[in-house]
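When you get a sec, could you build the whole thing from the sequences and use the hints?
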Amino acid sequence: MALSLYTKTCAKNTAGNYNKVFLANPGDITALTLTTGEISALTVASPLFQAVHAEIDSVNFKIEGTGGQNYFTKQTLTMKFAKKTAALMTFLNNLTTAVACGVIAVRVDGNGVAWLSGYDASGTDKIARPYNMIKANFDSGTKPSDAEGNFYTIELSRESEWDETPFDSTLSAALLGGTATAWVDYS
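Sequential numbering of the sequence shown, starting at 1, is according to this note's numbering.
The set of hints was computed from the structure by calculation and includes no laboratory data.
It should be emphasised that the depicted structure is a prediction, and the values quoted were computed from it without experimental measurement.
If you anchor each label on the Cβ, the simulated ranges turn out as follows:
1) Ala182 - Ala87: 18 to 28 Å
2) Lys62 - Gly112: 18 to 28 Å
3) Ser140 - Gly67: 34 to 44 Å
4) Gly112 - Ala45: 18 to 28 Å
5) Gly112 - Ala147: 27 to 37 Å
6) Asp125 - Thr14: 29 to 39 Å
7) Ala31 - Pro144: 44 to 54 Å
8) Lys83 - Asn111: 26 to 36 Å
9) Ala45 - Ser169: 17 to 27 Å
10) Ser140 - Gln69: 39 to 49 Å
11) Ile63 - Leu3: 17 to 27 Å
The beta carbon of each residue, even a glycine, is placed where N, CA and C say it ideally should be.
Given below as structure tokens:
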């Protein structure tokens with residue numbers, strides 16, 4: 001197998017992610033177009049991707065890859081939510097039900113690029129490896145000054161041989177600008 005050329009682009013790099021994550025079921029994507037490795041068109045059946053508002057600076061995406069004769073990654077998407085409420089509990093209950101059949105996610109990194117994970121856009125079976133595991137942790141804290149008290153941490157994970165797929169600059173800008181209403185429910 002031939003190696004491919006990689007040329008680094010000199011540009012500012014900003015770590016982290018925006019606090020909004022967009023979740024859907026893998027089968028909801030009815031058409032996806034890749035142009036030079038980026039998603040340039042997306043069609044989603046109803047229900048659309050649902051906007052989830054996590055705490056600022058609490059969304060984290062992590063990939064840990066292992067390989068030899070085969071290569072796979074464990075991908076983990078973590079979100080934190082302050083103040084336990086009935087609405088948050090409903091969201092968590094719905095998410096735990098959805099994970100049984102799989103969930104896909106779109107996150108936006110600190111550089112303004114949107115990324116689709118849980119859907120193997122380059123793979124043979126595109127919906128074979130969605131996020132299918134969830135871990136939830138709540139810590140009330142012990143006193144009012146506990147900065148991390150009364151937080152719910154939700155972690156979605158999956159194993160896959162395919163990395164997440166970037167959206168092109170047009171779709172990334174539409175997602176951030178709130179105009180991707182053909183495939184995102186922002187309300």
